[in-house]
Amino acid sequence: MLVWSRSGRLLVWALVVPLMLVIYGLPMGVIVVASFARQWNGVLPSGFTLAHYAASLEGDSLASLTTSLATGFIASAVALISGTWAALALREVPRQRARLFDVLFFVPSAVPSVSVGLGLLVAFSHPPFLLNGTRWIVLAAHFVLISAFTYGNVRAGLTRVPLACEEVASSLGASPFYRLRRVTLPLLAPYLISAFSLSFALSMGELGATIMVYPPSWVTLPVHIFALSDRGAVFDAATLTTLLGLATVIVLTALSRLASRAAVR
Amino acid sequence: MSQAQTLERVADGSPGGSRLAAAAGASRIHFEGISVTYGETTVLEGLTLTVNPGEIVALIGPSGSGKTTALRAVAGFVRPSAGRISIGARDVTDIAPHERNIGMVVQNYALFPHMTVAENVAFGLRARHIASRVVAERVPACLDMVGMRAYAQRYPRQLSGGQQQRVAIARAIAVKPQVLLLDEPLSALDTQIRRAMVDEIARLHRDLPELTVLYVTHDQTEALTLADHIGIMRDGRLQAFDRTRPLYQSPPTRFAAEFLGRANLLAVSKFLPIAYGRARVSIAGMSLEARNPHSLPPERRALLCIRPHHLRLAAASPAANRLLAAVESVQWQGEVLNLSLGIGDDRLLMTCPPGGSPPTIGSRIEVFCDPADVSLVPEDADRR
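Chains as they are written, first to last, in the working numbering: chain A, 1 to 265; chain B, 1 to 384.
If we strip away everything but chain A, and leave its shape as in the complex, we get:
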């Protein structure tokens, strides 16, 4: 709906801006301010310091940041490969059977993440699939939770790839693998990148399942933030939250620029 009068537009701005600031700005702003706070007993902090940032770039905090980044990249990459493979394979399957697989793929995203964590814990705590206590169970949990979104994104992207391009490539003598490498995947690239971005963002923020399954040797940043906040180290938790957000935004911005360049072609 368009607002044509100047006074109407001013009124809309006057309502929307404070609302946005309260809903989105305030929580983020408070966390950023807290990450620099030396003490905070009144309305505003009584002093500022960079000590929390210095502390966060060493020891357990740094380890959990790198653990989260590694988990995000590995789980997203595996989810991207398997999700793309599944989406490509299901194009060849009759529509009704493909819909059944669609439902199966989306089940993990419809189940609470804590339930997924519990399920993995129960399933992989006994031989022959003994993953409990290893980093692999965390990676598996992240994979299960994000693969539905990766698959969904790639499947949506595939509907935008012109079938005629692929058929013409085949008619020109391109083998299925050559066609995939030179035509399908390049045309799908923007969707692959956005699928990876979404998966990465989800993985970076995942807590529910991770907290059920993580071993002491593979503590992700959200788990570490939760532990710090549980111990009352709110300023350290705020600092790591800021860094978590920053790291995610940097990676997503880079990926988004890549996706834009791929889409322009």
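Since the hints were derived computationally from the structure, they do not count as laboratory data.
Where is the CB? At the ideal position from N, CA and C, for every residue including glycine.
Check before you lean on any hint, since a few could be wrong.
[Claimed, not checked] Just some of the chain A residues that point at chain B, by a computed CB distance under 8 angstroms:
no.	residue
1	158
2	162
3	165
4	171
5	173
6	175
7	187
8	190
9	201
10	205
11	208
[Unchecked claim] Footprint (simulated), chain A over chain B, 3 or more residues, beta carbon under 8 angstroms:
no.	stretch
12	169 to 177
13	329 to 336
14	345 to 354
With the hints as your guide, set chain B onto chain A.
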């Protein structure tokens, strides 16, 4: 050296080129009883048809008639439920599309948007592992053939529709295919560019006379201009197939007469075969002489097919073979005058040059048609 000779020389200059050129001789397409069904629906039924080497065969028909399915079956994108397809001496029914050695051009061009024009044209050659030296020679030669060499480094999005289709054609012929499949290649272009492209395709075929072309279109003008033979499809079946001129001049069915060019089809009350393949025909109490190309016996129900441009105002025409008609409407369209005439219960469309004073609406006029231009069509021959 002509562009075609250049292309031939380039083809012969490499191991891959020799292989492709050797294969080009055997380029007959043969459909043998091809049927295609999807569940309960039959979209193509028992198609038997041969496209001889070096010919252009057009398949025309309304939407859903099965013409595109037939082409896609040759390309390998549709698996026949019955019948065999061969290209040259090779049965390709169970061969993957990329091993069929075909070139294909589709309605929406389907250029690869992430590749330049040159990369698009080189695609098929690279996919077939042709030597880089040969690719470097053949790509410009093919772009020359379609007048697009100056655009080699552009991306498809930087080209007009007509230019994109030229590139698509260059890409298809670059691999020296045994057969070229054109699936409504000009449908997305506007009328003027379409006319120019029809000329381009005709010229291209003159330059590459060995190329066998299966051309699917719903545009009769494209088919009449380009094709050596035309097949008319309807409801998944081949209704008629013949050389272009005989098919136009002596349509074997009512549908063929109406779909290929405009036709007046008048109910014949009776006719009597006479000498030289002709018949004396009675229409609304008037008598005409017409061709009887299908040797219809007098007991057969028949229609008289008269093309609108074959009717002439009778003033300056021979006294015989005239029809008396009432003028119902007169439309001046610049280069042509359209008259709608009433003869008994039938309507007759007539086109003529707009010179002189046109007949007035409501007047009765005599129109003449040459017996050689009008033919009898069996009324009940259409298979539905």
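Verification of the hints:
1. 158: 16 angstroms, violated
2. 162: Status holds, d = 6 angstroms.
3. 165: Interface hint status for residue 165 of chain A: holds (5 angstroms vs cutoff 8 angstroms).
4. 171: 4 angstroms, holds
5. 173: 4 angstroms, holds
6. 175: Holds: closest Cβ of chain B sits about 6 angstroms from residue 175 of chain A, inside 8 angstroms.
7. 187: Constraint on residue 187 of chain A satisfied, holds at 7 angstroms.
8. 190: 11 angstroms, violated
9. 201: Residue 201 of chain A check fails; min Cβ-Cβ to chain B is 26 angstroms, beyond 8 angstroms.
10. 205: 33 angstroms, violated
11. 208: 40 angstroms, violated
12. 169 to 177: holds (count 3)
13. 329 to 336: violated (count 0)
14. 345 to 354: violated (count 0)
When the structure is compared with the earlier hints, violations turn up for hints 1, 8, 9, 10, 11, 13, 14 and for no others.
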